[in-house]
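Listed here are the chains, written in short residue letters.
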Amino acid sequence: MDHLLFLIATGLARGAIFALFALSLVLIWRAARIINFAQGAMALVATYAAFAVTGMTGSYWAGLGAGILAGAAIGLGVERGLMRFTRDSHPLAGIIVAIGLVMVLQALLGIFFGQQHRPMHTPFSDSPLTVGGVPLLSPYDIFVLVVALAVMGGLALLFNRTSMGLQLRASAFSPEVSRVLGVRVSLMVTVGWMLSAAVAALAAMLLVPTELGLNPHSTDVLFVYAFTVAVVGGLDSPVGALLGGLVVGVAMTLVTGYLGATFAPIGVLVLLVVVLLVKPGGIFSMREARSA
Amino acid sequence: MNRIAPSLTGAPRTIVMGAVLTVVAIAATFGLDPYRNFQLATIVAYFCAVAGLTLLVGLTGQLSLGHAALMAVGGYAYALTASLATDMGLDGLPRFLLGMAGAIAASTLHGLLLGLAGARLHGPYLAGLTLGIAIALPAVTAQFSGVLGGDQGLRIDRDDVPAVLSRLIVVEQWQAWVAIMIAGVVVTGLAAVRRSSLGLRMRAVRDDETAARLSGVPAGRVKVVAFTLSSVAAGAGGAALCFVTQSVSPGAYTLAFSLLLVVAAVVGGLGSIGGAALGAALIVMLPWLVATLTDLVDMPAELEQRLSGNLGLLVFGALLIIVMLARPGGLAGLRRGRRTRRTSAEDPTPPSGPDAVAATSPTGATAADPAPASALREMPANDQPRTPQTVLQSPTERER
Amino acid sequence: MSQRTATGVSLDIAGLTVGYGGEPVLHGVGLTLRPGEVVAVLGANGAGKTTLLRTLAGLVRPTAGSIELGGADILTLRTEDRARRGLALVPDGQSVVAELTVDENLRLGALWRHRGAARERAIAEIYDLFEPLARRRSSAGHQLSGGERQMLAIGRALVAEPALLAVDEPSLGLAPLIVGDVMTALRDAAASRGLTVLLAEQNVTSALSIADRGVVLSLGTVVADAPADLLASDADLRHAYLGF
Ligand SMILES: Nc1ncnc2c1ncn2[C@@H]1O[C@H](COP(=O)(O)OP(=O)(O)OP(=O)(O)O)[C@@H](O)[C@H]1O
Ligand SMILES: [Mg+2]
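Residue numbers (my numbering), protein chains in the order written: chain E, 1 to 292; chain U, 293 to 692; chain X, 693 to 936.
Treat each hint with caution, since some may be false.
[As the list claims (entries may be wrong)] For the chain U half of the interface with chain E, some residues (derived, Cβ under 8 Å), not all of them:
| no. | residue |
| --- | --- |
| 1 | Ala409 |
| 2 | Ala411 |
| 3 | Arg412 |
| 4 | Ile425 |
| 5 | Ile427 |
| 6 | Ala496 |
| 7 | Met577 |
| 8 | Leu578 |
| 9 | Pro579 |
| 10 | Arg598 |
| 11 | Gly609 |
[Said to hold, decoys possible] A short list of chain E residues far from chain X (calculated; beta carbon distances all over 12 Å):
| no. | residue |
| --- | --- |
| 12 | Thr57 |
| 13 | Gly58 |
| 14 | Gly65 |
| 15 | Gln115 |
| 16 | Ser138 |
| 17 | Phe143 |
| 18 | Ala150 |
| 19 | Met164 |
| 20 | Gln167 |
| 21 | Gly182 |
| 22 | Pro209 |
| 23 | Ile266 |
[Stated by the list, open to error] Computed beta-carbon distance windows for the label pairs:
| no. | chain 1 | residue 1 | chain 2 | residue 2 | range |
| --- | --- | --- | --- | --- | --- |
| 24 | U | Thr586 | E | Leu4 | 29 to 39 Å |
| 25 | E | His117 | U | Ile614 | 29 to 39 Å |
| 26 | U | Ile614 | E | Asn160 | 39 to 49 Å |
| 27 | U | Gln597 | E | Trp61 | 31 to 41 Å |
| 28 | U | Pro510 | E | Leu129 | 15 to 25 Å |
| 29 | E | His117 | U | Val312 | 45 to 55 Å |
| 30 | X | Glu760 | E | Val278 | 56 to 66 Å |
Calculated directly from the structure, the hints in this document are not laboratory data. The structure displayed is predicted, hence computed values, not measured ones. Cβ coordinates follow ideal geometry from the N, Cα and C atoms, glycine included.
Just need the whole structure built from these sequences, with the hints factored in.
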């Protein structure tokens, strides 16, 4: 029972990271109708930047800030430099170019930093606090949860309460009508990519310290999990990303805790298949949005 | 090629061409040393899988990022049935045929299941699902390590050169022969499908699924069949590779390898079988070429270690991006472009059907099929919401 | 309604040739609108009305010709910059952003023109003009009726106080009674703001009832350009080009 509680608590913290990353996929999906298969690799490059800055300054926070900025800059570069040109090309060009980008980025990281795992440190202790004799969340888990919720709240405000958010939503839903109304749609698409890549970078930076360390493949699995989360939640639905993230996070922690770590990827696959077959619009999505 | 069999058309013609090319490839093995024959066998095994993938993507528009896992299915099934046959006291041809039958059966089953799931999904969803499969493969082999041997995988006995040939060729050349014959059968089958009415229906589904449905094409069934055929081709490639290397393990069928197969299909030209052959050769030869080149340059051991593997990956990634953005027709598209220009200079009639196997646009339409191209010309160049069928594009179009 | 001076500007289109890759759809179309003039562009299906308006807005690029708004060449401007120069297009098909509410749709239209309190005032004015919309402020676009959607699309264009309003078949898909309402609203808005209006319509009678002048497009060329009352009463012209 205690073990179960512990697993659920850590699962929530882990799930918050999946949710954040899934949210970043939702952001790009809504801005550009692309599932960015390079999101993991882009976030990883930003994480290496954070690692370097923390190494130079000795400050976790400087690294975190630099990583987020690097993420946004990478989003800018990828959208303006590559993805913009996939729109008028082959229907699968967006995915295929993203895959090419993954290969290029991982190769470059491998060439410059090697394949070894570089440990990243947490700013707070990651040993669980005990509540009434039951080990539950660690201070770092609490930090992760707070940051994830704050970012999601901030994004909700941005999208629903500001002019920028209104333009971002309008551009995503009807680009042509928006342009006719004077909205700079292509700028909005770029902003969407930058926001999304920054959020993904943040998620990766929160995750990597809890894993083996930083390596050119650190985010491969994160991407697959987040993709599953986004599909479970519905790609059009930020709320779905949040709930889906928590569900997948807890489910995976339980599977790992009771059945062993090797089983987790199979569990994700089963979940993905079941959701895609039974409710392809996503569990939390109301609309039929799968025809993209 | 018109001169070889001028009077043949349709399926018989495809079969004759397949047979001729198979014999030519077998003859070519006499010009290669054992190591080169081993490389050729690998290329040919990859060729099966890439040909299956390129038809799937090019003809039906379904992108699979898990074809390496489907190759693994064929490889494991071959290894398991072949071992079973050994236990039953069989060897030689009976064991090989039994192994192949096992591989085909297993990959048909897997392809059918995945195809059923995939038929309901569009582009990115199927890509994500197959990506998940590629990632889950090591977990599956670990979970069932009793049967699948975990990380180590399975090993099988080597098939030696048959007695009648043993004075003539060495084992590497024999293995190349077997791989070539497997590929000959599989790819000829795919080429026949491509030119059949089924191939036509696949394209109809790719171009506009709703329209295809309305005109009576059972879109779901067409996609399932396409995925299954593609899976069988990948499985046969995996079986061939297992035959050549006498082993199968999850380490040989990673996500990275799945993505390499995509590189081969895209760089060769989606939908083109000739392009698939070029692509398969590329993914085998380029890393080797890069390694040879880096060997020539003197550099610190540390750097050399980092470059090995990564440099090839870098080149592949860059190629994928460049080809997709600049020349979605791939290498096959280049060939077609040249030929179109030449023929139009000498002879006003457009190059037509029969020998267009390798001469296809990325969407699989042959040069003699002007309809999709003209449909595109009428699409506005602004950023109206894009529907899949607005993106029909042939390489000539992109030269604007 | 706040007191306003005439805001309309002139529009000069000359030699406009537009195609979608194949044969041109418009062949050297020329058209001049004086400030504050309401001009109806009439023509059968496929005559090129939508193409003309979309080219005006910069959604389609012409192969030849010129477009001047208030004497300034706008051909090189992007769609969004033309909007910011005061050119408002109401696309065909009651094009509201279905996922946004009525209020958000109007806000979107007002965004670049007004800030703060001025924005709220401009939006309130539209609610005065189209009363049915005021009752549906927080309904999503896809919950509106066709007539309400058309009002919203027009209101959303007006809220930015454009100098030229181009409306593409506002009558499409609406009941005759509602068409009358929409046309009246359009005429009132144009009159009170001194707007220049380019109205593409197949519904000849109702378009000419609010227009000063009618221009008939046939197969991409201007075949008639005459005062609205003349056009409405000239039986030969009507027979030849408008089919009744
Ligand atoms: N996106 C497009 N691609 C290719 N051709 C087009 C496109 N849009 C319009 N056309 C062609 O241009 C011609 C003019 O079309 P347009 O839509 O401008 O006519 P319209 O006068 O608005 O007709 P309607 O009254 O039916 O709306 C038609 O022949 C049409 O087929
Ligand atoms: Mg029209």
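Each hint, compared with the structure:
1. Ala409: Result: holds, 6 Å to nearest chain E Cβ.
2. Ala411: With Cβ-Cβ at 10 Å, over 8 Å, it is violated.
3. Arg412: At about 6 Å, which falls below the 8 Å cut-off, the nearest Cβ of chain E leaves the hint on arginine 412(U) intact, so it holds.
4. Ile425: 6 Å, holds
5. Ile427: For isoleucine 427(U), the interface hint holds, since the closest Cβ of chain E sits about 5 Å away, which is under 8 Å.
6. Ala496: Hint on alanine 496(U): violated, closest Cβ of chain E at ~15 Å, above 8 Å.
7. Met577: The hint is violated - methionine 577(U) has no Cβ within 8 Å of chain E, the shortest such distance being about 17 Å.
8. Leu578: Status violated, d = 13 Å.
9. Pro579: 12 Å, violated
10. Arg598: 5 Å, holds
11. Gly609: 3 Å, holds
12. Thr57: 40 Å, holds
13. Gly58: Holds: least Cβ distance 44 Å, greater than 12 Å.
14. Gly65: 31 Å, holds
15. Gln115: Non-interface label stands for glutamine 115(E): nearest chain X Cβ at 45 Å, farther than 12 Å.
16. Ser138: Per Cβ check, serine 138(E) is outside 12 Å of chain X; nearest 40 Å; holds.
17. Phe143: Phenylalanine 143(E) clear of chain X: closest Cβ-Cβ about 35 Å, beyond 12 Å.
18. Ala150: The claim holds: alanine 150(E) sits with its nearest Cβ about 25 Å from chain X, beyond 12 Å.
19. Met164: 10 Å, violated
20. Gln167: Non-interface label on glutamine 167(E) violated, nearest chain X Cβ at 7 Å vs cutoff 12 Å.
21. Gly182: Non-interface label fails for glycine 182(E): nearest chain X Cβ at 4 Å, not farther than 12 Å.
22. Pro209: Answer for proline 209(E): holds, closest chain X Cβ roughly 38 Å.
23. Ile266: Correct as stated: the minimum Cβ-Cβ distance to chain X is 37 Å, above 12 Å.
24. Thr586(U) / Leu4(E): 29 to 39 Å: Violated, at about 53 Å.
25. His117(E) / Ile614(U): 29 to 39 Å: 32 Å, holds
26. Ile614(U) / Asn160(E): 39 to 49 Å: 40 Å, holds
27. Gln597(U) / Trp61(E): 31 to 41 Å: 34 Å, holds
28. Pro510(U) / Leu129(E): 15 to 25 Å: At roughly 59 Å between Cβ atoms, leucine 129(E) and proline 510(U) fall outside 15 to 25 Å, so the hint is violated.
29. His117(E) / Val312(U): 45 to 55 Å: Since histidine 117(E) and valine 312(U) have Cβ atoms about 53 Å apart, the given range 45 to 55 Å holds.
30. Glu760(X) / Val278(E): 56 to 66 Å: With Cβ atoms ~59 Å apart, the hint holds.
Of the hints listed earlier, those the structure fails to meet are numbers 2, 6, 7, 8, 9, 19, 20, 21, 24, 28, in rising order.
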